[in-house]
Amino acid sequence: MRKPYAITLDVGSSLANLTGSWRTQRPVYVDRLPPCNATCAAGEDIQQWLFHAEEGNYETAWRSLVRDNPLAAIMGRVCYHPCEGACNRGQLDESVGINAVERFLGDEANRYGWEFEPVTAESGKRVLVIGSGPAGLSAAYHLRRLGNAVVILEAETSSGGMMRYGIPQYRLPRITIDQDVQRILAMGVELRLDHRVDDIEQTMRDGNFDACFLGVGSQLGKRAYIPAGDARRITDAVTVLHRMAGDEKPMLGRRVVVYGGGNTAVDVARTARRLGAEDSIIVYRRTRDRMPAHRDEVREAIEEGVKLKWLSTIAAADDELITVEKMELDEKGFPQPTGELETMEADALVLALGQDVDLELLSKLPDLNIVHGAVAVDGAQMTSREGVFAGGDMIGGERTVTAAVGHGKKAARAIDAYLRGVAFKQKPKHQMATYDLLNTWYYADAPKTVRPKLDIIRRQSTFDEVIGSLDEATALYEARRCMSCGNCFECDTCYGVCPDNAVIKLGPGKRFEFNYDYCKGCGLCVAECPCGAIRMEREPN
Amino acid sequence: MLKQVEGSRAVAEAVALCRPEVICAYPITPQTHIVENLGEMVKAEHLTGCEFINVESEFAALSVAIGASATGARAYTATASQGLLFMAEAVYNASGLGLPIVMTIGNRAIGAPINIWNDQQDSMSMRDAGWIQLFAETNQEAVDLHIQAVRLAEELSVPVMVCVDGFILTHAYERVDMPTQEQVDAFVPSYEPRQILDPAEPVTIGAMVGPEAFTEVRYLAHYRQMQALWLIPELAEEFEQQFGRASGGLVHPYRSEDAETLVVALGSVNGTIKDVVDQLRDDGVAIGSVSVTSFRPFPAKALRAAIVHAKRIVVIEKSLAVGIGGIVSTDVRMALAGAGRPVHTVVAGLGGRAITQASLREVFVKAHRDLLEYLTFLDLRHDVVHREIERLESQRRSGPVAENILRELGSVADRIG
Amino acid sequence: MFQVRIHGRGGQGVVTAAEMLSVAGFLEGKHTQAFPSFGSERMGAPVMAFCRIDSREIRLREPVMAPDALIIQDTTLLHQVSVFEGLSDSGYVLINSSRSPAVLGLDEFFARHPQIQVLTVPASHLALESVGRPLPNAALLGGFAALTGMIAFESVAAAIDEKFQGRVAAGNIAAARAAYESVVDVKRGAA
Amino acid sequence: MRTSHVKFYQTGTFTVGNRLLSEDDRSVQSTLERTNSLNSGHRACQGCGEALGARYAIDAAMRATDNQLIAANATGCLEVFSTPYPETSWQIPWIHSLFGNTAAVATGVAAALRVKGRNDTRVVAQGGDGGTTDIGFGCLSGMFERNDDVLYICYDNEAYMNTGVQRSSATPPTARTATSPAKGPEPGNVFGQGKNVPMIAMAHEIPYVATASVADVRDLEAKVTRAMSIRGARYIHILVPCPLGWGSEPQHTVRLARLATESGLFPVFEAEHGEITDRRLIRRKVPVEEYLSLQKRFAHLFKPELKMDVIARLQAVADRNIRRFGLMNGGDD
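Residue numbers (this note's numbering), protein chains in the order written: chain A, 1 to 541; chain B, 542 to 958; chain C, 959 to 1149; chain D, 1150 to 1482.
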């Protein structure tokens, strides 16, 4: 066609006009740290595995999850999920049920027998892990993944440490522990039960170990001085819970008083109900909202008939009577005695005032630095003794399964670096994806799915698991509630809303790129990005 | 085939023979019969392969034609007077876009005062709009010019107006030799657009052009139209060969060779002029006439060649450039630049006033004796305008001029001339 | 060249009469030209139409200023409009009326123009009889053919047949024939 | 709404794309294959809502017609920024004729296609609010009345932006424009009677009328797709915020469109043959202030003092829309 001059033009010729020159600022894709990931003590990339779960690709999701935490099924039961507390979705409607999805994935793995990927390259190094609790298992798993030979020495007759001996089975069925542990062992990790270590150095020499990880749980209940006529009636929570693992269940009686406000206190009180106690009373010196125990646990305990007595300390325990002193909170929120006393009947008094780690095994390492009953470690989880690393309850701080798993992972990576003679470096953290960076318009209103619960009668009389699992549909729904804070989830909104077609879509999984030849820097993509994964920057000169 | 038909019917049949594909119709006197006839032909399926669209205004009529033409359809419409002005923006646009639309103008005066009768002010208002303007002297020529116009428009990718004096031709029953479909098909090939809206080969039509190219675009429009100065005679010649009669071309001289006085005019008034020329020739006056068929492009060379030998030129024109006088005569003077020949402007036939032989004869004789003024209004009622001017000068609120004059003249229809 | 001017009122088929007359002439191989007094007149207003008949091409575009024949379709126009303006002294006048020119008060005019042939024919009446509507135009053309001899009645009939269809055409032809015959009778009587 | 039939679940239900959707259900704008009918390099302002709306609409029409589409475009911003010689941003056969004749030009294109038997090629006419509700209104109404096979899309940015922000019949009351300055006792545009062209289109009882905005591309695409599935005259009126004319931040273009719909000031609905068939329910209702305060054209309502009485009148407009179109009545979403 001989087209008329100037008034008739060839299509698409405006590509010659590079409108990028109009720009004074430019959009840049960023990855921000989602609050869930930021708060996960196990260092899970929660958002990433939710991403896969959203697609219904559960095995991929599980594999993504276990890159950080091998104990998915356990974690989905016992983690107090601070991630959910931090979840930005909580500010929109309700936080994403991350823990439920994690449990679903862990259970799927156990149900279908998914195994960890086989170790591809052996390092030739041997690492000793002491304790098969969450810290030890996590360290062993990660060390093995990195190609190291791992031997776990466990003093008890069963694996799992405090998970088995400290957590009631209505919260964590023993089969789940067995399954998650077995999967780790299947990687080639060696577990030796009934093997108490007294001399670490000797054990290392004997076993030809290049490094050691200490992951011993806090199994000693703290005692408080309580004037008592009959010490038989006073026991501690750790002992009660430990005996629950054995064949002979503890005999607590009809009326049980538990002293303390932590999760262990609640565990014991709920256990007592299940063992037949008509009255299971928690005595705590402050108020309910100040209880360290997880709110959900407390709520469930109350549902099950556990009673709580606030602002009370136990002054004395005689015969079948316990003397309680009323407290009041001072201006700073600390409880102060009032001198007002009352008595209550009790067949047993269980002290749940905290736990200590039995540091007996360190006695042969006299120069090991211990501070306030906890093993001191550096940023690489290494103790003052070279080649000896530690984690979990031993090093103090937050004593949860999740934290222990996190310690184990970090220690394993540090040990691996140590064994390879390189410095241990952690990846720098991204800027936090705070709620204000999101454009929540783009997320449909979708309230959280409530996990099924065991009916109340069975909860009061059996040790069946209280919290059920999500079915597949609800797990999927829950996973899809994730807003992918701070990280592109390929929603195509930037690609769509650019008036200048200056966003290049790279295809599934490859995200997008800006075409700065045409981007005029209007900022629409930044404003409309649902998850805050684009930032405006000053145009470089 | 010879036929005795109304001019509008003849034009409609000629248009139909050209196989138009889209016809846009909006009624305005005096072109209405043309589109009515075409509409009937389409409705009765005598004219097939044609969309007949009743639009809501002349502006829409030409706009629909623009869209259709740009999409590769042969598009046609017709209008007159106020209608042409109402579509003015689209008139310029069609030519600017180089769309070969053919449009009939049933020439009519422009108000106010509103007037439905014939003059050529409407076409003159669009003389610079980039359309080729052909003026028909008879209904036979109106038929023939439409056939040539389609070919001309499409070869040059320029729109063409065929100007037909309203009522005088459009409503006149006279003999027309109507060509056959085969003849027209042989003369007018199917439309091969120079540009077309087609998803298979997309283009942008109607870009915004700035100072950097606008002059060139305008020059090219001029260049394309000037090409018509050789194509029009060529087509007329080819037409004559195929149809056996002379029609179209740039100018038609009549008894001009030895004329000392030459009359130049556009359209149907040339018939009356020829009769007067014959009468004066019988009286021994060396007079002739030249009918200008192509007013745009203006055939300056051809016209000069036809008239330069005369001692004086009288331009009879049915339009008025208020504030200067003649429109056609300005162009005629340009054609005669440097020749030193007086060109007299005679404004005649405004708003349907009959141009009579008697009046023409009078001015021709006057001109021949070199007594004619530079600008003359034929049959102007001097007494009426004189009284109105007096009234205007004596009173601030002198009232509407047209109504004042009408009051003075009495009813319109009781007069014959 | 023979020029005809037809006077009537809007709605009386004045223009159609001129057109049919031109067609009739055309059918005889003559050059003819018919055109209305262009206007926006509505029903009832005085209107005119013109027709020229010649043996050669008609180029003239002016209205018929000096008619050779007048057809007056409505007698009420006689004293309202200067219908006789420019009429040739040897021309024809055909008036649609059942009354005589004398009764119409035209004696004085025709006395001054003795060469003018004037006749009345009850065209509306004839049309009412044969077509059912008092439209005098076709009938008057029959009378015109008889009065002027410019065209044959057969041509008029053919022109009417071209303009109208079926029953209307037949009725108009019948009316025209009746008018034609009545004029022939009157002329024969006069002669 | 039709769009809600697709349950995307919760991640990005309202986003442009969603990896969880099947290919067929994906928005045109999310696909790699989208035509970018209005290509890069156009000279629209930063954050231009009209450029966005035009690409959304025409890309959707392209998909709906298997790329057999011709567009006629009115004079205006869209035309000027997309086709300055020697460059055009259009990738489709496109014609610009005049300001006020676009509907008629499109009629001509449609007529030509019909007469050529090219029934698979479809026609879109597009113009701004000036070219549609004012100067092109006659041709638009004519096209409707004849039921010509044309989809007319009005990109409404509520004033004559191309010529420097003058008032049009689509300019809302109180808005400041160059010809309705924020001066005098009643600053900004007058509270007139309004001119609701979608409702006027409905009065023609044409087969399809819809409103949409650039805040909801899926809705917009669904409407264009629906429109292209119908023969005859169709009209879609799309709200396209204009940073220049509205005095808003370029990055707020989509947000403003969203606030316009969520406040009720711009009702989003569909109608067939003169009857409303569907409307987009307000999801998170906002007071009109939230919408107005982001735009300098309404600044005089907030400074030097807050004019609550005037804002209340505008709120009444929104509330009436909500009642009239049932924008808050329960629903299927």
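Some hints here could point you the wrong way.
[Stated by the list, open to error] The calculated EDC-like cross-link candidates involving lysine to aspartate or glutamate, where the alpha carbons are at most 20 Å apart (straight line), are:
1. LYS1265/D - GLU733/B
2. LYS1452/D - GLU1439/D
3. LYS1445/D - ASP1427/D
4. LYS1121/C - GLU986/C
5. LYS1121/C - ASP816/B
6. LYS510/A - GLU55/A
7. LYS3/A - GLU753/B
8. LYS510/A - GLU1172/D
9. LYS1344/D - ASP1283/D
10. LYS3/A - GLU696/B
11. LYS544/B - GLU1112/C
12. LYS1121/C - GLU903/B
13. LYS505/A - GLU1439/D
14. LYS1434/D - ASP93/A
15. LYS1265/D - GLU586/B
16. LYS1265/D - ASP739/B
17. LYS3/A - GLU581/B
18. LYS505/A - ASP1283/D
19. LYS1452/D - GLU1438/D
20. LYS1265/D - GLU742/B
21. LYS544/B - GLU1066/C
22. LYS3/A - ASP824/B
23. LYS852/B - ASP924/B
24. LYS852/B - GLU903/B
25. LYS1434/D - ASP445/A
26. LYS448/A - ASP93/A
27. LYS505/A - GLU1172/D
28. LYS3/A - ASP739/B
29. LYS544/B - GLU986/C
30. LYS505/A - GLU1182/D
31. LYS907/B - ASP816/B
32. LYS544/B - ASP1119/C
33. LYS1265/D - ASP726/B
34. LYS3/A - GLU733/B
35. LYS326/A - ASP289/A
36. LYS510/A - GLU1439/D
37. LYS544/B - ASP1012/C
38. LYS429/A - ASP45/A
39. LYS544/B - GLU1015/C
The set of hints was computed from the structure by calculation and includes no laboratory data.
Results of checking the hints against the structure:
A distance of roughly 13 Å separates the Cα atoms of LYS1265/D and GLU733/B; the hinted pair therefore holds under the 20 Å criterion. Using a Cα cut-off of 20 Å, the hinted pair LYS1452/D and GLU1439/D holds, with the two alpha carbons roughly 15 Å apart. A C-alpha spacing of about 33 Å is found between LYS1445/D and ASP1427/D, which places the hinted pair above 20 Å, so the restraint is violated. For the hint pairing LYS1121/C with GLU986/C, the CA-to-CA distance comes to about 16 Å; that is within 20 Å, so the pair holds.
Only pairs whose Cα atoms come within 20 Å are accepted, and LYS1121/C paired with ASP816/B is rejected, the gap being roughly 31 Å. Distance hint between LYS510/A and GLU55/A is fulfilled; the C-alpha atoms sit about 16 Å from each other, no more than 20 Å. Taken as a hint, the LYS3/A and GLU753/B pair is honoured in the structure, with Cα atoms around 18 Å apart against an allowance of 20 Å. Between the alpha carbons of LYS510/A and GLU1172/D the distance comes to roughly 17 Å, so the proposed pair stays at or under 20 Å and holds.
With a C-alpha separation of about 9 Å, the suggested pairing of LYS1344/D with ASP1283/D holds against the 20 Å cut-off. With a CA separation close to 14 Å, the supplied pair LYS3/A and GLU696/B stays within the 20 Å bound. Taking the CA atoms of LYS544/B and GLU1112/C, the gap is about 18 Å. The hint holds against a cut of 20 Å. At most 20 Å may separate the alpha-carbon atoms for a hinted pair to count; LYS1121/C and GLU903/B exceed this at roughly 40 Å.
This hinted pair does not check out: LYS505/A and GLU1439/D have alpha carbons roughly 33 Å apart, beyond 20 Å. For the suggested pair LYS1434/D and ASP93/A, the alpha carbons sit about 16 Å apart, so the restraint of at most 20 Å is met. In summary, the hint linking LYS1265/D to GLU586/B is supported, as the alpha carbons are separated by about 16 Å, within the 20 Å threshold. Between LYS1265/D and ASP739/B, the direct Cα distance comes to roughly 12 Å. Compliance with the 20 Å bound is thereby established for this hinted pair.
Restraint check for LYS3/A and GLU581/B: not satisfied, since their Cα atoms lie roughly 36 Å apart, outside the 20 Å limit. This hinted pair does not check out: LYS505/A and ASP1283/D have alpha carbons roughly 39 Å apart, beyond 20 Å. A threshold of 20 Å between alpha carbons decides the hint, and for LYS1452/D with GLU1438/D the separation of about 13 Å falls inside it, so the pair holds. Proposed proximity of LYS1265/D and GLU742/B is supported: the alpha carbons are some 16 Å apart, at most 20 Å.
The straight-line distance between the Cα atoms of LYS544/B and GLU1066/C is roughly 43 Å, outside the 20 Å bound, and the hint therefore fails. The straight-line distance between the Cα atoms of LYS3/A and ASP824/B is roughly 58 Å, outside the 20 Å bound, and the hint therefore fails. Proximity of LYS852/B to ASP924/B is assessed by CA-CA distance (about 33 Å); at most 20 Å being required, the pair is judged violated. Between LYS852/B and GLU903/B the alpha-carbon distance is near 18 Å, which keeps this suggested pair within the 20 Å criterion.
Proximity of LYS1434/D to ASP445/A is assessed by CA-CA distance (about 14 Å); at most 20 Å being required, the pair is judged to hold. A C-alpha spacing of about 8 Å is found between LYS448/A and ASP93/A, which places the hinted pair at or below 20 Å, so the restraint holds. Distance restraint check for LYS505/A and GLU1172/D: the Cα-Cα separation of roughly 16 Å lies within the 20 Å cut-off, and the hinted pair is therefore satisfied. For the given pair, LYS3/A sits about 13 Å from ASP739/B by alpha-carbon distance, which is consistent with the 20 Å threshold.
Between the alpha carbons of LYS544/B and GLU986/C the distance comes to roughly 12 Å, so the proposed pair stays at or under 20 Å and holds. Only pairs whose Cα atoms come within 20 Å are accepted, and LYS505/A paired with GLU1182/D is accepted, the gap being roughly 10 Å. Of the pairs offered as hints, the one joining LYS907/B and ASP816/B holds, with about 17 Å between alpha carbons and a cut-off of 20 Å not exceeded. Between LYS544/B and ASP1119/C the CA atoms are separated by roughly 15 Å; this keeps the pair inside 20 Å, and the hint holds.
At most 20 Å may separate the alpha-carbon atoms for a hinted pair to count; LYS1265/D and ASP726/B meet this at roughly 18 Å. At most 20 Å may separate the alpha-carbon atoms for a hinted pair to count; LYS3/A and GLU733/B meet this at roughly 13 Å. A distance of roughly 17 Å separates the Cα atoms of LYS326/A and ASP289/A; the hinted pair therefore holds under the 20 Å criterion. Annotation: proposed proximity of LYS510/A to GLU1439/D is violated, straight-line Cα distance about 37 Å (limit 20 Å).
Restraint check for LYS544/B and ASP1012/C: satisfied, since their Cα atoms lie roughly 16 Å apart, inside the 20 Å limit. Of the supplied pair hints, the one linking LYS429/A and ASP45/A holds, its CA atoms being roughly 12 Å apart against a limit of 20 Å. Note on LYS544/B and GLU1015/C: the hinted pairing holds, with a Cα-Cα distance of about 14 Å set against a maximum of 20 Å.
In this structure, the earlier hints numbered 3, 5, 12, 13, 17, 18, 21, 22, 23, 36 are contradicted, and the remaining ones agree with it.
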